[in-house]
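Q: Listed below are the residues making up each chain.
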Amino acid sequence: MTALVGMLSALAVLPLILIFGYLILKGASSLNLEFFLSNPVPAGQSGGGVAHAIVGSGIIVGLAALVGLPVGIGAGIFLAEYGSGRLGWTVRFVADVLNGTPSIIIGIFAWTWIVRPQGHFSAFAGAVALAVILIPLVARTTEEMVRLVPHSLREAALALGYPRWRTSLSIVVRTALAGIVTGGLVGVARVAGETAPLLFTTLGNLNFSTHVTEPMQALPLQIYVYATGPFPEWHRLAWAASLVLILLVFGLALVARRVAANRYGTR
Amino acid sequence: MHLATERLTARYHGRPAITEVSLGIRPRAITAVIGPSGCGKSTFLRCLNRMHELSDGGTVEGRVLLDGTDIYGAGVDAVQVRRRVGMVFQRPTPFPTMSIYDNVAAGLRVNGVARRRMGEIVERSLAQAALWDEVKDRLHGSALALSGGQQQRLCIARALATEPEVLLMDEPASALDPLATQRVEELMVTLKQAYTIVVVTHNLQQASRVSDYTGFFYLGDLVEFDQTARMFTNPSDGRTEAYITGRFG
Ligand SMILES: Nc1ncnc2c1ncn2[C@@H]1O[C@H](COP(=O)(O)OP(=O)(O)O)[C@@H](O)[C@H]1O
Ligand SMILES: [Mg+2]
Numbered sequence: 001m002t003a004l005v006g007m008l009s010a011l012a013v014l015p016l017i018l019i020f021g022y023l024i025l026k027g028a029s030s031l032n033l034e035f036f037l038s039n040p041v042p043a044g045q046s047g048g049g050v051a052h053a054i055v056g057s058g059i060i061v062g063l064a065a066l067v068g069l070p071v072g073i074g075a076g077i078f079l080a081e082y083g084s085g086r087l088g089w090t091v092r093f094v095a096d097v098l099n100g101t102p103s104i105i106i107g108i109f110a111w112t113w114i115v116r117p118q119g120h121f122s123a124f125a126g127a128v129a130l131a132v133i134l135i136p137l138v139a140r141t142t143e144e145m146v147r148l149v150p151h152s153l154r155e156a157a158l159a160l161g162y163p164r165w166r167t168s169l170s171i172v173v174r175t176a177l178a179g180i181v182t183g184g185l186v187g188v189a190r191v192a193g194e195t196a197p198l199l200f201t202t203l204g205n206l207n208f209s210t211h212v213t214e215p216m217q218a219l220p221l222q223i224y225v226y227a228t229g230p231f232p233e234w235h236r237l238a239w240a241a242s243l244v245l246i247l248l249v250f251g252l253a254l255v256a257r258r259v260a261a262n263r264y265g266t267r
Numbered sequence: 001m002h003l004a005t006e007r008l009t010a011r012y013h014g015r016p017a018i019t020e021v022s023l024g025i026r027p028r029a030i031t032a033v034i035g036p037s038g039c040g041k042s043t044f045l046r047c048l049n050r051m052h053e054l055s056d057g058g059t060v061e062g063r064v065l066l067d068g069t070d071i072y073g074a075g076v077d078a079v080q081v082r083r084r085v086g087m088v089f090q091r092p093t094p095f096p097t098m099s100i101y102d103n104v105a106a107g108l109r110v111n112g113v114a115r116r117r118m119g120e121i122v123e124r125s126l127a128q129a130a131l132w133d134e135v136k137d138r139l140h141g142s143a144l145a146l147s148g149g150q151q152q153r154l155c156i157a158r159a160l161a162t163e164p165e166v167l168l169m170d171e172p173a174s175a176l177d178p179l180a181t182q183r184v185e186e187l188m189v190t191l192k193q194a195y196t197i198v199v200v201t202h203n204l205q206q207a208s209r210v211s212d213y214t215g216f217f218y219l220g221d222l223v224e225f226d227q228t229a230r231m232f233t234n235p236s237d238g239r240t241e242a243y244i245t246g247r248f249g
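One line per chain: the protein sequences are A and B, in this order. My numbering puts the first sequence at residues 1 to 267. My numbering puts the second sequence at residues 1 to 249.
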């Protein structure tokens, strides 16, 4: 039995090890200062970097997080604390449907409602699409984390004369905070790698741009373009960019772990 | 009489858990509530600080008089009642994100007690709960690092900090080892000089050791209420006698 479970766990981590190992093999040698600090050179030439995509991803994901985290966390707290009625049921249902919606469909809607009326692609539209993915994700993990807080703590606070809202915020949410932050970081990591919704919204940009009202490059888009392009030089850069993206997600996951462990005692 | 119930009935989703309980609780004394499990002891206790209405489907009929005022009367704020009637639960419930100091100060903060008075009140409360000497060097350490018995005394200190008039304790020692239990019992006897204490216990020896009055509940009814010494030596109801002689429960 133990051996079987051990084998299955090994099987579960195998893809990560394979992906990570292969990415290091193919991409690590291209990770130099030029890769991080310079923009692309004309097609066919060698060298150049993806600074524009790194900055672009930072801006798009940052904007999405700026909107998505507060809204998602707020919704999650609402669901856990006051979500037993009809409104709670509806919000939960909508969140579940959104969580199950393929991200390309969310991209198409962002295109229909933002890009087409405005008449141009923009980083803003991409940030909206990512926020729409992020909100239900964070809402549901926040709800779960808040629900994990033992009922006895809530009762203890109420018995001390805490008003209900204060019990929610300074006892229940505070106790769940590490878990909520972890969930938020994992959500951000997840949308940072989304490609499909950005194809319809931010489009991509071969040049460095920080204007949110214009098309912008992002790491997943860059990988998509370079990996499907004809030049070996592009393929090399695509591998390196993939490695950077994975490292980014890895880093966020590690930070999330640290946050989860870093509080009074351990869980 | 400091605290009294008049025909108090408490229900869960319409089903009564205690029925028409009328009982007067003496000030500065320990009143024990005993009875087999499921007979409504906790429900009764939770009616005394308006916690019962927070349970799913929890409703209350009848009156609970605190210093002559019905705490279920119109215009009485449940939050204010809970500040006057403190509660300690079966399992210790320190707030895990807070230090020892902040746990004790928690009730003071919501009561708007001035920050400069807080240190003094925290020390006094921890001393009252016989915990000060054990924690005075690590007030800002985690409350979770304390032993179970210390955590329970911390919860008692937390309840005392806001200077309630009544202290309700629901099987406060049942999750503790014998030594910690003894400390909590000693503590209760000390505290009754200043507080009115109502304690639920399924431990008959504990009831006879610490309490001055005892109420015996059975199937949601208050069967008998008397001085502890009298009830344990000469119960007037056959069911009480059967229970305290261990024939059921
Ligand atoms: N939250 C609840 N919802 C519904 N019924 C409950 C709830 N809590 C207790 N009861 C019922 O009320 C009765 C009394 O319970 P309780 O007061 O907890 O008894 P005791 O503390 O004496 O063991 C029991 O029959 C129990 O099943
Ligand atoms: Mg009970």
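Simulated from the structure, these hints should not be mistaken for lab results. Mixed in with the good hints, there may be bad ones.
To be verified - Partner residues are not named here, just some residues of chain A that face chain B (Cβ under 7 Å, in silico):
hint, residue
1, Ser152
2, Leu153
3, Ala156
4, Leu160
5, Gly161
6, Tyr162
7, Thr175
8, Gly179
Said to hold, decoys possible - Rough simulated footprint, nothing fancy, chain A against chain B, three-plus residues with beta-carbon under 8 Å:
hint, segment
9, 90-102
10, 151-162
Stated by the list, open to error - Cβ pair distances, simulated, as ranges:
hint, chain 1, residue 1, chain 2, residue 2, range
11, A, Leu247, B, Ala127, 52 to 58 Å
12, A, Gln118, B, Asn111, 35 to 41 Å
13, A, Leu247, B, Tyr12, 53 to 59 Å
14, B, Asn111, A, Val71, 46 to 52 Å
15, A, Met1, B, Glu53, 45 to 51 Å
16, A, Trp89, B, Ser174, 57 to 63 Å
17, B, Gly141, A, Val71, 32 to 38 Å
All values derive from a computational prediction rather than experimental measurement. Positions of the beta carbon are idealized from the N, C-alpha and C atoms, including for glycine.
Q: State for each hint whether it applies.
A: Hint check results:
For A:Ser152, the shortest C-beta to C-beta distance to chain B is roughly 5 Å, which falls under 7 Å, so the interface hint holds. Of the supplied interface hints, the one on A:Leu153 holds, with its beta-carbon coming within about 6 Å of a beta-carbon of chain B, less than 7 Å. With 7 Å as the threshold, the beta carbon of A:Ala156 comes within range of chain B, its nearest partner Cβ sitting at about 4 Å, so the hint holds. Given the 7 Å rule on beta carbons, the hint for A:Leu160 holds: about 4 Å separates it from the nearest Cβ of chain B.
The criterion of a C-beta within 7 Å of any C-beta in chain B is met by A:Gly161, whose closest approach is roughly 4 Å, and the hint holds. Checking A:Tyr162 against chain B by beta carbon gives a least distance of about 5 Å; that is within 7 Å, so the hint holds. A distance limit of 7 Å between C-beta atoms decides the matter here; for A:Thr175 the minimum to chain B is near 5 Å, and the interface restraint holds. The criterion of a C-beta within 7 Å of any C-beta in chain B is not met by A:Gly179, whose closest approach is roughly 12 Å, and the hint is violated.
Requiring three or more residues with a Cβ within less than 8 Å of a Cβ of chain A, the coverage given for the segment 90-102 of chain B holds, as 7 such residues are present. With 4 residues carrying a beta carbon less than 8 Å from a beta carbon of chain A, the segment 151-162 of chain B meets the three-residue requirement, and the given coverage holds. In this structure the supplied range 52 to 58 Å holds for A:Leu247 paired with B:Ala127, their Cβ-Cβ distance being about 54 Å. Range check, A:Gln118 to B:Asn111: about 54 Å between beta-carbon atoms, so the 35 to 41 Å window is missed.
Between A:Leu247 and B:Tyr12 the CB atoms are about 54 Å apart, so this pair conforms to the stated range of 53 to 59 Å. The hinted window of 46 to 52 Å between B:Asn111 and A:Val71 is violated, with their beta carbons roughly 33 Å apart. The hinted range of 45 to 51 Å is satisfied by A:Met1 and B:Glu53, whose Cβ atoms lie roughly 49 Å apart. Separation of A:Trp89 from B:Ser174 is about 38 Å and departs from the stated range, judged on CB atoms against 57 to 63 Å.
Range check, B:Gly141 to A:Val71: about 36 Å between beta-carbon atoms, so the 32 to 38 Å window is met.
In summary, the structure is inconsistent with hints 8, 12, 14, 16 from the numbered list given earlier, while agreeing with the others.
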